[in-house]
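K.L.:
Construct all of the structure, not just a fragment, from the sequences and the given hints.
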Amino acid sequence: MNKNLKRFFVKSFVVLVLVHLCYFLYGFFTFKGIKAINSYTEFYRFKFYDDVSISHFFVSGLFLFFFLIFLIRNHSKERYKIGNLLKIGLLLLLVSFLSFSFFISYSFGMNAKMRSELPEKKLNEDKKLLNVLNPFLYGFTSYSSQKLFNYENILYPKPYPVIKQEDTISGGEYPITETSYYSIDTLKILASTFEKNSSKADSILNLLGFDKKELQKRIISKKTIKDSIEIVFKSVPVHPEHDQDICIFLQNKSLFKPVKGDSVAKQQYQSAVERYKLLYKAKKDSLTYAFQKLNTMLKKYNIETDLIPKELTQDVYHYRDNNGEPLNGIRNNFDRKALTEKFAVLERLFYEPKFLHPNIIEIFFAVIISVWLFLFLIYIAFNFKKR
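2 is the number of the first residue of the sequence shown in our numbering; add one for each residue after it.
Treat the hints with care, as some may be off.
[To be verified] Each computed DSS-like pair below joins lysine-lysine, with the alpha-carbon atoms no more than 25 Å apart: (1) K36 with K122; (2) K258 with K294; (3) K189 with K165; (4) K48 with K33.
Derived by calculation from the structure, the hints in this document are not laboratory data. Note that this is a predicted model, so its numbers are computed, not measured.
P.N.:
See below:
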């Protein structure tokens, strides 16, 4: 290629980049904000009937029209060999792609505005707050669910977590069972020491309060790690039903929405520790302040809420101190479905963005290939005509 043709392509790409920048800025400044995000929100796809699509159609058409005219008039007289023609073909393919992808830059602009309004760090802080307060936010009928709220979900303080064991006391048509709970402990010991039943192994087991045969009955899991054995086993009996520092709000370990990149189990434990501190270690005002932050966050996301932090704190403390009382009323009313949908959409927009919507991928690339072939074949025709 000669210098004039190279200069022409450079100028063309500069124009295309400037147009892409304009669409990026247009997407950035027209994004309606996180309050407007709902279950139907997605990054822009070509829709044929709005201002972006209509302007896109005319801008792409005008650019390619003048591009082709100047290309044929000023740069088709040179006789190029096959190798150079292929290079020109690749450049024309790039021109075609950039000419029909302005709406993708518009989507990038929307994404950039969303992230400037809600940085990932702030999103994760909101998730952590919701994860800590999640057991306080169920509808009151959910608190009777044995699956959601049970002693085995308690992760903190020691000796929790526990494992449940049911023993049949008497059989027959109406068997009588007894429920016991045991703390879960971990023992790490050299495989050679454990298997040989040496005095050293016996002394370790004696410290735990039972012999090797008893340990075998209590093993939950056992795995070998290099030259050691890690044994997870049922340890001492625990009586959570009589524990004054255990209430129903600790009996749920579900996360509202895990933070990306961190272990779910680790997040569950950290949330349980923070929740316990709010309930039993910190002052009452600390829990009220946490609910105030929650209320502010709900309003930020445009979630309808009737939360009154002081009243909710009173309800939580009432059921904390009256653990045996059925939880049949707690003033934590807000639009739970809207909040769940909002965070599901935010997760998708943050971590699975579709700047090129799957429904138009085939059409998009078919148009690009068709226009590229049209431009390339016309250029080849004029190039050979001049020979």
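K.L.:
Next step is simple, just say for each hint if it's right about the structure.
P.N.:
Now the hints, each set against the structure:
no., hint, result
1, K36 with K122, "holds, 18 Å"
2, K258 with K294, "holds, 17 Å"
3, K189 with K165, "holds, 23 Å"
4, K48 with K33, "holds, 18 Å"
Going down the numbered hints, you'll see the structure goes against none, and every one checks out.
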